[in-house]
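**Q** Chain by chain, the residues run as shown.
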Amino acid sequence: DAKTTQPPSMDCAEGRAANLPCNHSTISGNEYVYWYRQIHSQGPQYIIHGLKNNETNEMASLIITEDRKSSTLILPHATLRDTAVYYCIVRLLFPGSARQLTFGSGTQLTVLP
Amino acid sequence: SQTIHQWPATLVQPVGSPLSLECTVEGTSNPNLYWYRQAAGRGLQLLFYSVGIGQISSEVPQNLSASRPQDRQFILSSKKLLLSDSGFYLCAWSAPSGAETQYFGPGTRLLVL
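Just so you know, the sequences run in chain order A and B. The opening residue of the first sequence carries number 1323 in our numbering; numbering runs sequentially from there. The opening residue of the second sequence carries number 5 in our numbering; numbering runs sequentially from there.
Careful: at least some of the hints might be erroneous.
Label pairs and their in silico Cβ distance ranges [what the hints assert, rightly or not]:
id, chain 1, residue 1, chain 2, residue 2, range
1, A, Ile1385, B, His9, 33 to 41 Å
2, B, Asn67, A, Gln1367, 23 to 31 Å
3, A, Ser1427, B, Pro18, 29 to 37 Å
These are calculated hints, taken from the structure and not from any lab test. All residues carry an ideal CB built from backbone N, CA and C; glycine is no exception.
So that you can see chain B by itself, here it is in the shape it has in the complex (with noise of 0.2 Å):
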């Protein structure tokens, strides 16, 4: 079966300090690999999203980068850190054809001093 793990699952960062969060996906190849925010008591909102290797797909223009330099690891990063970061950050997985149901990791939320 397929498993999804995100880390760290909580985080506090000053401001303008860096960011890396990781995803990895466990049991399926060439996944599609999203990363949304959820901010408190509002809907989720797309950040990015990877068909494979190197491709990253940018929603929101803002100073989040992604990466994924394996098939089943995508990462979130950030070169300085805003308060406006802080929120729940989740992973999810679809498989690369068929259906498109998306699987959600267990986030990890954030907290920007």
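Chain A on its own, in the form it takes in the complex (with noise of 0.2 Å):
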């Protein structure tokens, strides 16, 4: 799986969007972009994935960059709740089978009142 690099730590308001970005520049052709969030003391989240296009679901929107090297995550309007570490990753797909997810250090977002 490729390595991902992300800011260690970002602030947004209340209400906000917030735009979490994620470096991604060895991708292959064949890796997916995640995204999870841990808030404190709690389990990893899974938020979203996507290949190429972008993707947007009922947390969240995934903007890939044309040339995939890049992404960014946006949580459209944030609430204290979303304070939590977020954690892209690049992972090969193999359907079916059963295999380590790897978090790297993630970004710490805080959201602000």
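Combine the two chains into a complex, taking the hints into account.
**A** Below, the structure is given as structure tokens:
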């Protein structure tokens, strides 16, 4: 799985959009971009994933650049409950297989009132 | 929808005592199941995974064991706990085919004294 680089911390005002960047310049054509988050003392929570196209779900939007070397997770209206460590992961998919999920150091997002 | 449960939520055990942590998944059949450990301030370490009843793969040799007595039940055990077994234990599941997204339970925080 390709390496990712994220800023260690970010702040965001409550109600504003939070834009979390991730660099993955060595990504290969078959690797997906995954985002998870972990709120303090809780289990990691899956947010979204994508391959090439931008993706949106009820939690967030994922914007992947055309060359796929970077991506941005967007939380459109951040709330205090979105304060967490956000992990960007690049991963080959082997459907049906069971493989370790490896988190880097992630970005600590703090939503400020 | 799928739900994953873990219990207990927290546990304090003396060194040398036995351990049994339970994980159950609802709303899916034949899931891949995983046990991870997350030490304080560190990443995830995959301990065991299972692709079916009675099928356990160990990733890290240690004094822990895992069992899968039923399709949606995964148990982590130890006969004698060590101080180094303290940590945050996470159970996760993924679909047996198709997307490889892993979904985590709430975790069990274990403190060995």
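**Q** Now tell me if each hint is right for this structure.
**A** Hint check:
Distance hint for Ile1385 of chain A and His9 of chain B: a CB-CB separation of about 34 Å, consistent with the stated range 33 to 41 Å. At about 30 Å, the beta-carbon gap between Asn67 of chain B and Gln1367 of chain A stays in the expected band of 23 to 31 Å. Between Ser1427 of chain A and Pro18 of chain B, the C-beta spacing of about 33 Å keeps the proposed range 29 to 37 Å intact.
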